[in-house]
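*Asks:* As a plain string of letters, each chain reads:
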Amino acid sequence: MTSTTAPVAPLKQKTKSKLGWNLLGLLVFVTMGFPVYWMLNTAFKPAKDAIDPNPRFFPTNFTLDNFRRALEISDFWGPVGRSLIVSLVVVVIGIAVGMLAALAISRFAFRGRKIVIVGILAVQMIPLVAMIIPVFLLLNDLGQYDKLSGLIITYLTFILPFTVWTLRGFIVNIPKELEESAQVDGCTPTGAFIRVVFPLLAPGMVATSVYGFIQAWNEYLYALMLMSQQNQTATVWLGNFTTKHGTEFAPMMAGSTMMAVPIVVLFLIVQRKMAAGLTAGAVKG
Amino acid sequence: MSAAQTTTADLPPAKQKTSPGAGRARAGTPGTPRRKGPGAAPWLLLAPCLLIIVLIMGYPLFRLVSLSFQNFGKSELWGFKEAEFVGFDNFSKVLGDGEFWAVVARTVVFAAGAVILTMVIGMLIALLLQKVSGFVKILISVALVASWGMPIIVATAVFKWLFDADYGVLNYLMSKLPGVDMIGHNWFASGPQGLAVIMLLVIWGAVPFVVITLSAGLTQVPKELEEAARLDGAGAWGVFRHVTLPILKPIIVMLTTLSVIWDMGVFPQVFVMRNGNPEAEFQLLTTYSYQQAFVVNDYSGGSAIALVTVLLLLGVVAVYMRQMLKIGEVE
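Protein sequence lines correspond, in order, to chains A and B.
The UniProt record's numbering numbers the first residue of the first sequence as 1 and each following residue consecutively.
The UniProt record's numbering numbers the first residue of the second sequence as 1 and each following residue consecutively.
This is chain B alone, in the form it adopts within the complex (with noise of 0.2 Å):
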């Protein structure tokens, strides 16, 4: 591991690293004398940034904070009556609810189930890319780039055509193998079933970011290093794991958040696979949040519930910021 960190810092120094941490506000090479303190530049070239950002994203989460304390339904939507503050009754109302703990439950298998497998197939077919030839590398970029750049609507849409009942091709193809017989067969007859077709999909179109990233991260593997590696005797595993994996953790760590939060926030794949109404056993909580809120007209109570997505989503974004800042600095 060390060994892989050293190598690493001693390849060819296309981009030197400067550490921005050492001294105060000093950048630049001692070469370059005519270089003060950045002093306002910075901030001059920020402001627009940070302006848009504190005013279209600042105002809303004070709200949505502010609305989970209130009672905030129709006749506040309309102006009827003033919004009053009630404490942490929308919390208590739903954390003491049975259904959103079931909710709950479900989106973190769902999420978990999605990020693993999307992880674990992106990582072998990266692998699988290094060992085949070239025209076959072409055909399956040219698939992983198709179905990551279908807009995720669209890929919902042909899923669901997959899918369907009587004529989806899918149970036309199982229905040929022998003794199976899936003809008619309603995927989304029940909850865990058509969860499963959904996180397929949601899969489908999460593999091919990985795999490319990892494939990029796979070219920055020094030869040398497996090949060092494989003379010690390592197996293809032993090199796997002790040279490649530490070599890509920062990416893996990167994808794997990332993952968790596009996997936690999965909302039009089940919201246009259940046409605009899933039934009680297909809701995550993004689309409950948004079912208490804009079904029921409990905009609190939805807003309560989307408060604790975003503090469960904490966790993993603390560990998530750290790698972003370590690779911040690293320029």
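Just chain A, same shape as in the assembly (with noise of 0.2 Å):
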């Protein structure tokens, strides 16, 4: 920090720039916040209330009745159950297998390392809707359409291509001197990364499988597909507001806030870490 370079601006001017900018960021907040702020308003008020010509925008008759409602209009917990299961599988699954791929793409100089990157990487950018007719005929053939295991498999489609490359961001930013300081002081390779790398990439490896249990969760056309009513999983769920006759909002909110709530509040323990893994190496050179 060079200190000598700008004159300090008097403090006063300093603060009366900020605000101008404080007020833009404030309608940056108010934007953005609005949306997720209206699911919830609307979820804890009377569904009469919802209707109103002249909308209210403070909770006045907080009502947990949506909830209730929304409760009731069809099984919530079997489409959450399935939800729960098939993310939690095809994450273990993510980083067991994917944890294995990212060592050997960034601690390893091989032959055909280049060729495994892209291969990986383009496996990301195939649009699951242009896989959507294949894969439906071909758990149809296998006899797993309408089963969860089949819904796993087809998951981690995405989930492991992006498990390997956000792990791989992990570990290039773990320094490879301490491994081999560790190897120096005796340690075997294997040794090594078990006692140094892996407990340095363990909040990394958290925040993956975070995010990708997140991204299963989310995941909306697979499960509409190829899952029948019976076996739907939360996402479909929240599709039975909407009816012939209209779609029931108040409830619709409520329902929308049970799935939304735990996934943004996951969310924000990971995010930041998330970021950092996104973009190691992106600014580098």
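These are computed hints drawn from the structure, not numbers from a lab.
In this text, all values refer to a predicted model and were calculated from it rather than measured experimentally.
It is possible that some hints are incorrect.
[Unchecked claim] The list that follows gives simulated cross-link-like pairs (lysine-lysine, BS3-like), each with its CA atoms no further than 30 Å apart: (1) Lys147(A) - Lys244(A); (2) Lys223(B) - Lys18(A); (3) Lys74(B) - Lys244(A); (4) Lys223(B) - Lys176(A); (5) Lys176(A) - Lys93(B); (6) Lys131(B) - Lys18(A); (7) Lys137(B) - Lys18(A); (8) Lys137(B) - Lys223(B); (9) Lys147(A) - Lys74(B); (10) Lys273(A) - Lys249(B); (11) Lys249(B) - Lys114(A); (12) Lys81(B) - Lys147(A); (13) Lys18(A) - Lys244(A); (14) Lys74(B) - Lys93(B); (15) Lys137(B) - Lys273(A); (16) Lys249(B) - Lys18(A); (17) Lys273(A) - Lys81(B); (18) Lys223(B) - Lys273(A); (19) Lys176(B) - Lys48(A).
[Stated by the list, open to error] Reference excerpt, derived from the structure (chain A facing chain B, CB under 7 Å, subset only): (20) Trp21; (21) Met32; (22) Val36; (23) Leu40; (24) Leu103; (25) Met131; (26) Asn218.
[Said to hold, decoys possible] Using C-beta positions, here's what the derived DEER-type ranges look like: (27) Gly98(B) - Ile73(A): 38 to 44 Å; (28) Gly112(A) - Leu312(B): 24 to 30 Å; (29) Ala202(A) - Arg241(B): 19 to 25 Å; (30) Gln220(B) - Val206(A): 21 to 27 Å; (31) Thr31(A) - Asp181(B): 19 to 25 Å.
Cβ coordinates follow ideal geometry from the N, Cα and C atoms, glycine included.
With the hints as a guide, bring both chains together as one complex.
*Replies:* Here it is, written out as structure tokens:
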């Protein structure tokens, strides 16, 4: 830091110039946050207030009726349980397999490494919708249609490449020298990894797991196409509020709240780490 | 620009660069004589991952291509008939259809609009974050993370409610403006307007990731360099244009290409907004392919459309790949 360069602006002028930016910032906050606020606001007010021509902007009549109604509309815990199973299994497989692969591409220089990286990246780039037709036919042939195991297999197509790529980001941020000095101190390469790298990698692995979990939890298209009404997952469950006779918005916002809040909270916990992992290396060089 | 690069390289060597391309198959610094070439180890580590990807992606991909050259409808699905190869019939049918080209044009305009707006707004907010006081920064971050973490399907439901013709808060608020009466206005009566709403939803969901990633990048822009540029007489725009942008370029390229891929693949937003049955003027390539396959029961036609979509994306992907490879190399 060179303090001699710019003359220090008078304090008053500085706060004044900040005020404008802060007001602009508050505008951004309100704009970005409003949809979330409106979801919560609608979820907790009586359904008849939701269709008032003069909407109430602040909750005055707090009620949980919409949540009761949302749970009545159709089974909620079944879909949530299924989403939970699918997401957890996908993440466990993804992390276990992805970890090994990430290690290979970030810690070893070997012939064919480039091709492997390109291959794993390319897989990420195929839009899910493009694959839905053959995946549907494949699961149909294998007798995995409308089965949780079938859904798990298909989710790996997008969770696995993502996991490999993010974990790679975390691994490259751990200096190789740490491992090497452990080896100088007598550790085997595997021992050095387990004792030195693994603990440092733990936060990154947690972040990757949580983020992968959220991705699997949020998936809609495959869940819609590959599961029948009886076996629907949480995202598809939310569609039950819209019928031919219209949409029940107040309970739908209650349902949305139940689905979003736990995910947003999880997200809040790991997002800082995620940004670090996703951008690792991107600004270098 | 070159000054930027040299200075970045001179920064404290937190992460040392090794160049995997140099020499053959030798990782590690000269100080570790005990490591010989990696041998089979990396391949053993990669094996499970590659196996799964080949099994669950390779076959469907192959099937996508073969389907688009076959005649495959409902009777073939139920096994009443053998699928027969029909050459390029599906493609000539699809490509010769005026509606398909309308869908392509709509998709490109939609994706381009969404990507450009996402990147510009994201960059502006990221820069703004550097200017505001701590508490405003926290407020914005909370709003960003909340909208980022919202499941797409939930966000879609919420936007449907915000833009509801009769009870949507947006119509109410707009009607408060002098001379505007929007009560009862149906945003989805016309395709362009409805797609604009959907684009807004996509942008709202995509901006947080861009802001957070760019903010992370901005912290890596050396302050000394900005100050030096300022001393040389560069204005705010000059500093941004000649110092900040070049350093952020790799991140921007990555974010833009990812956004293109995501925004070309928008599906649930349109599908759910239109209650599972998008009208003709709402069709994007994704929903159009879906409709051909699962509503018209023409699986090969749908596959042909999907394949054309993938090919369209390849151009973008090529740019992205080069960038990612560069990133992959500087480890």
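*Asks:* Against each hint, give a clear statement of whether it holds in the structure.
*Replies:* Checked hints:
1. Using a Cα cut-off of 30 Å, the hinted pair Lys147(A) and Lys244(A) holds, with the two alpha carbons roughly 28 Å apart.
2. Distance restraint check for Lys223(B) and Lys18(A): the Cα-Cα separation of roughly 19 Å lies within the 30 Å cut-off, and the hinted pair is therefore satisfied.
3. For the hint pairing Lys74(B) with Lys244(A), the CA-to-CA distance comes to about 27 Å; that is within 30 Å, so the pair holds.
4. Taking the CA atoms of Lys223(B) and Lys176(A), the gap is near 28 Å; set against the 30 Å cutoff, the hint holds.
5. As the CA atoms of Lys176(A) and Lys93(B) are separated by approximately 56 Å, the hinted pair breaks the 30 Å bound.
6. Of the pairs offered as hints, the one joining Lys131(B) and Lys18(A) holds, with about 7 Å between alpha carbons and a cut-off of 30 Å not exceeded.
7. The suggested pairing of Lys137(B) with Lys18(A) holds, with an alpha-carbon distance near 12 Å, which does not exceed 30 Å.
8. Under the criterion of a C-alpha separation no larger than 30 Å, the hint pairing Lys137(B) with Lys223(B) is consistent with the structure, at around 20 Å.
9. Between Lys147(A) and Lys74(B) the alpha-carbon distance is near 22 Å, which keeps this suggested pair within the 30 Å criterion.
10. Restraint check: the Cα-Cα separation between Lys273(A) and Lys249(B) comes to about 22 Å, which is no more than 30 Å; the hinted pair holds.
11. A threshold of 30 Å between alpha carbons decides the hint, and for Lys249(B) with Lys114(A) the separation of about 22 Å falls inside it, so the pair holds.
12. A hinted pair counts as satisfied when its Cα atoms are at most 30 Å apart, and Lys81(B) with Lys147(A) qualifies at roughly 26 Å.
13. At most 30 Å may separate the alpha-carbon atoms for a hinted pair to count; Lys18(A) and Lys244(A) exceed this at roughly 52 Å.
14. Taking the CA atoms of Lys74(B) and Lys93(B), the gap is near 18 Å; set against the 30 Å cutoff, the hint holds.
15. For the hint pairing Lys137(B) with Lys273(A), the CA-to-CA distance comes to about 18 Å; that is within 30 Å, so the pair holds.
16. The hinted pair formed by Lys249(B) and Lys18(A) meets the criterion: a straight-line CA distance of about 28 Å does not exceed 30 Å.
17. Between Lys273(A) and Lys81(B) the alpha-carbon distance is near 53 Å, which puts this suggested pair outside the 30 Å criterion.
18. Annotation: proposed proximity of Lys223(B) to Lys273(A) holds, straight-line Cα distance about 23 Å (limit 30 Å).
19. Our distance criterion of 30 Å between C-alpha atoms is met by Lys176(B) and Lys48(A), whose separation comes to about 22 Å.
20. With a least beta-carbon distance of about 4 Å to chain B, the hint placing Trp21(A) at the interface is held under the 7 Å criterion.
21. Taking 7 Å as the C-beta contact cut-off toward chain B, the hint placing Met32(A) at the interface holds, the least distance being around 4 Å.
22. Against a cut-off of 7 Å between C-beta atoms, the interface hint on Val36(A) holds, since the closest Cβ of chain B lies about 5 Å away.
23. Hint status for Leu40(A) relative to chain B: violated, with the closest Cβ pair at about 10 Å, above 7 Å.
24. For Leu103(A), the shortest C-beta to C-beta distance to chain B is roughly 6 Å, which falls under 7 Å, so the interface hint holds.
25. For Met131(A), the suggested interface contact is upheld, since its CB lies about 5 Å from the closest CB of chain B, less than 7 Å.
26. For Asn218(A), the interface hint holds, the least distance from its beta-carbon to any beta-carbon of chain B being 4 Å, beneath 7 Å.
27. The hinted range of 38 to 44 Å is satisfied by Gly98(B) and Ile73(A), whose Cβ atoms lie roughly 42 Å apart.
28. For Gly112(A) and Leu312(B), the Cβ-Cβ distance of about 29 Å falls inside the hinted range of 24 to 30 Å, so the restraint holds.
29. Checking the proposed 19 to 25 Å range against Ala202(A) and Arg241(B) shows it is violated: the Cβ atoms sit about 41 Å from each other.
30. Between Gln220(B) and Val206(A) the Cβ separation comes to about 24 Å, which falls inside the hinted range of 21 to 27 Å.
31. Checked against the hint of 19 to 25 Å, the pair Thr31(A) and Asp181(B) passes, with Cβ atoms roughly 23 Å apart.
The structure is inconsistent with the numbered hints 5, 13, 17, 23, 29, although it conforms to all the rest.
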